[in-house]
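Peer 1: If you want the building blocks of each chain, they are given just below.
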Amino acid sequence: MPRAPFSPARSPPASEAKLSSPHRSAAAAARTRRRQLSERLFRACGAIAISLGLLFVAALFYSIISHGHTAFWQTELRLDLEFAPATLGLGSSTPSPAELGAADYGAVIRESLAREFPEVVERKERRDLAGLVSSGAPFTLRELALADPSLIGSKRSLWLIADDEVDMFVKGTFDRATLEAERRFKDRQIAWIDRLQAEGRIEKRFNSGFFTSGDSREPELAGLGGAFMGSVYTLLLTLLLSFPLGVAAALYLEEFAPKSRWLDLIEVAINNLAAVPSIVFGLLGLALFINFFGLPRSSPLVASLVLTLMTLPIIIIASRAALRSVPNSIRQAALGMGASRRQTVLHHVVPLALPGMLTGAIVGMARALGETAPLLMIGMVAFLVNVPKGFTEPATLLPVQIFLWADSPERAFAERTSAAIMVLLVFLMLMNSLAVILRQRFERRW
Amino acid sequence: MQSMSLDPAQPSAGPAADPVTVPRPETGLSRQSQPVPRTLPSAPERTLGEPRVRNAAITSRMVSVHYGAKRALFDIDLDIGRHEVIALIGPSGCGKSTFLRCLNRMNDTIEGCRVSGEIRIDGQDVHSPELDVVQLRARVGMVFQKPNPFPKSIYDNVAYGPRIHGLVRTKPETDELVEKSLTRAGLFEEVKDRLKAPGTSLSGGQQQRLCIARAIAVQPEVILMDEPCSALDPIATAKVEQLIDDLRKNYTIAIVTHSMQQAARVSQRTAYFHLGRLVEVGTTSQIFRNPEHQLTVDYITGRFG
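Order-wise, the sequence lines are chains B and Z.
If you're matching positions, the first sequence starts at 1040 in the numbering used here and goes up one per residue.
If you're matching positions, the second sequence starts at 73 in the numbering used here and goes up one per residue.
The reader is advised that the hints may include incorrect statements.
Said to hold, decoys possible - Far from chain Z, some chain B residues (derived; all Cβ distances over 10 Å):
#, residue
1, Ser1064
2, Ser1077
3, Ala1288
Stated by the list, open to error - Computed Cβ-Cβ distance ranges for the label pairs, DEER-style:
#, chain 1, residue 1, chain 2, residue 2, range
4, Z, Ser302, B, Ala1296, 31 to 39 Å
5, B, His1062, Z, Asp265, 37 to 45 Å
6, B, Ala1067, Z, Asp180, 51 to 59 Å
7, B, Leu1469, Z, Ser302, 45 to 53 Å
Just so you know, these hints were derived from the structure itself, not from any lab.
This structure is a prediction, so every number in the text was calculated from the model and none was measured.
Cβ atoms here follow ideal geometry from the backbone N, Cα and C, with glycine treated the same way.
Next up, chain Z with everything else stripped away, as it sits in the complex (with noise of 0.2 Å):
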């Protein structure tokens, strides 16, 4: 925003910064649990890359989480832009799942954590109290790394949030809401005989795109999706990538993954994260073909994570 002037992460002219400047950890990184000073040198106090957009549908600035005394996010400067799929990688418990869950204010069910500084959606502060936490949810949607339909049948797992929400009024309403969601996960075929079956009934990866039905079906703006295919095979997986594929078209999706090669496909910026830093922004493409900072090059090259 521009009201934030004092901007820590002002976008570097170009790959000006050195990645030989940065010292590089001799024997791959221990892991996470490092104590912080052991591992700053190694994580850089400015973001390289761009991550400011024109028009952005969320912006953060500065945003910081502790869970009690520990700090798990230094700082991050991200903005998501409109119909675009942003890929949030890095190794396991560098903060991308915690930047994605303070986007709808998940770590607020978090007992200690505390999230500092701002996020804007279309402009609005989630944190400003004329912004109700429930109305914040319903319009940035959000998909689990376990798929975790409700145990009801298929057809309330889908038609529930719009009822909460009070989208629909009528059955029939509820019943082309409920069609037009699961077609959109492009689950409807699969399933339309059996809307009354258990959503717990079905397949890992069935579940998978009945949750995403589930979240579409509240019509958010947003939907943050949390490494959504890491219990899935490879089918159901290629299936879900298609999906979100498809969905950019009308969402804004950001989404948390372990596999590089599934944000190579699916995603048009990717964000590196590392030991809660936001290391470097960019295109998919720059990313993975030409990343500027060394422990990117690291990470992507699978040196460590």
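Only chain B is shown next, with the shape it has when bound in the complex (with noise of 0.2 Å):
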């Protein structure tokens, strides 16, 4: 084609041009400074968006951090005990471990208390007395006697859990000034307390049973150990099935089926599956998994099930976006010389696809770690002393545990709401940190 040739008198004079240009005149000042305006408009609506969220999540951590941190200290008294055989109620001082079982060792604790505080003899009063330690303290001392039977007879000083009461008052929750009408703690209580800090037998000391003991109605003894061994199994387990299913899925998907009407149905379905509300899928574990298949209630491996149902629909979204991501150009490369689709899909378009499968895992596990609705309907529910030890035991799960808690009157639960609700957020961090270092790990250029 011949080219138009370029000649310079088709350009207009220069003169010409400056006069008529458009960019000269005090219209297009006003322009570009409108222009300039509305720029900075724009990024300020972005700076602002990003404060307001930033002073939300600030208010949101400000909050719980606030509330819970105190429960990681729980207050102790320091009993001078008298493991005397008369005082337990056992006949000899080398008793069976059934007798050493059976023995009553809050008659040590309302002993050792009754030698401090001699002056309170009326019933009432003892009882009171007997209420600043822990109804859970015997059980302690049972355990040590069991672990160490020499204890019997001996005299030790021991630090034993005290009351919730105890400890609200300790930690200032409420204040000595209200009217003893107005709370649970009397004010004898109180001068037993204070003597008992004078003397330094009280001290806040840190909460182990927290982390590592089940749930209990007393919220002294309540731990989130039997929650977290939940989350734990039933979380492995929901990644052991979704992630080898969602990949599998996705590379079928993507890389091998051949363009269709049903593969276009097939990833209508999965992305309005994604959007389903949780709960439904509660309600589907619920008739399949437990009535159906018969598989037992409130156990991890139905919550896995149920959640592994509702990740995968996020893992194959996510996984199908990193198989897109991969350039095509690898694929041609590795079939241009050979290699069959087996060989090219696992050898070089899974490896770079690998940390965005793996994040899009992470994203569905920490959704499934937060998830509480569909555990509603397969049983979670419930009341668990124990620590689950099994994939088949019953067992609940952190969220479920802070919504139980949440529910409690006691006000000793409040600060354990928020401190569970602060563990459940440290292991979403922890695990978003891993899925952003398997990405760095795994990450590859192209």
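If you follow the hints, you should be able to join the two separate chains into one complex; please do so.
Peer 2: The structure is reproduced here in structure tokens:
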């Protein structure tokens, strides 16, 4: 094609260009100012949105941490205990394990308190005095005695968990100035606590039971251990089920399936499944896994099956996106040198897509970790004192535990609820940082 | 093949076709998205020149390709001789890359692409069920337009093909083949100290030579090159062209190129494609010195394309 000759005659003279230029007039200057203003406004909008978001996050964290941090320390009382066989109700000083198990350890605590406060004689007062120590303390002593029978007949000075009201008072949750009728803690109890404190017999010590024990009706004994292990079991199984399934589905859909109306239908179905309210999956799990297949109720097994159903669409969508982002030239290169489809996908495409797939899986896991609604439907809202030891034992999960504690009337459960949320958030952050680390580790340039 | 008795592209006896009888486009060719009937008169029904060679490495007869409803290639007959470099030239979208990709069935990987006609490599039908496509692609290697080394080390890039095809068993064997392939591709001296470095860390020209080394490591019979130098600078291009010339001793090479100088430099035969038809085939010197078809003349003289 003959190119249009460039003729200088066709461009206007320089002076004319200057006069008629649309970019030098006053109107143009006004346009420029308007444009610059709108640019600034646009940027300011983004900055405001970000600051608002950060503000809310900061408020959330402040509220949770300020309420919850005290739960990691638990008030304990140091008592001088005499393990006299007579007090324990034992016949001999060398009892059998069965006798040790049945002994009255509460009597040892009551006897020690009576020695500490000899002026307390009235029955009602004595009950209030015994109420300073947690009702779980005798069980702690029983465990000690069973582990070490030489305890019987000896004298020990031991730290015992205080009652939750003592704990609340020591932590300053309520004021001693309030009227006695308006609080559960009596004036004489306050006096005793003051005396114990003056003697150095009261201390806030690290609350290891919060992380190891199961749930309890007594706030000072309630721990996250059961819920944490339940969450670990459930997430582990969910990951084992949903990641291979999701990746296999994504690989087939993205790399092997011929384009067809069926494929479009499946794609729409997957996208819709990702948006289905999670409680619906809970109902499905109840109907299918518990009622039809007869799997054990409240078990991490059923929970993980339900959460697998819920996270599968997320993992499939993320994995497909990761596979699509692998440049086609890599596939062409492998196929062009005689790699089979399977070799191409496994040797070249999957390694490049793996970081994205892992990120998707961990995002799905994080969602599963925080999910509560479907678990309500499959009986995970159970009061469980035992820490689960397997996939089929009854268990509860962290968010359900938070829900249960938030529902409890005792004041001490409020700080435990916040502390449990902190643990859940830390768990989530750990998982997300794992995602980041995995991503950076496997990320490769092409 | 002899079995193809109905061959519409019987070689015309010498320069019989009169270029004048072909209507010349008045304003140059508008781009190839023109509806087919409008441009049909300019594309001939018959190929000029001699598309067949004796003892060919690859023969193709009546090869047509459809992408969905769109027809991309019209009954192509073209032989590729042994140890020759054939250049496929023509304007963008004329089907030369499509034809190249038919030869190792890379078109299979494109959704909605249908290939008809017969392509034989050493007398064996590439579409026959007996010939495994993986086997075919091992015999017919390919180098792509954009250098596309795997995101692995230089060593693994070259060793990958021989490994999956079971050509090497031991580490020393692999080492030897990698060195041989890189040496043949003229890259070994430049990378011998950093074989563990990623292939993507090389320069564009080195990457393309790595891709060629990767292709020849599989020990193919034919190498297809789809505009191998279009992403390279003139120095890298010169190196790759030199390499192609060296490789001719051992391989049959088909190269698609947009550069007519390149076609003239590296090839012995040249095929000119236009709008999905093979317009003219001949020795490279004949095509460039004495083209018969007006379209070839127009393209070579730079009037379009």
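Peer 1: Quick check: which numbered hints come out false for this structure?
Peer 2: 5
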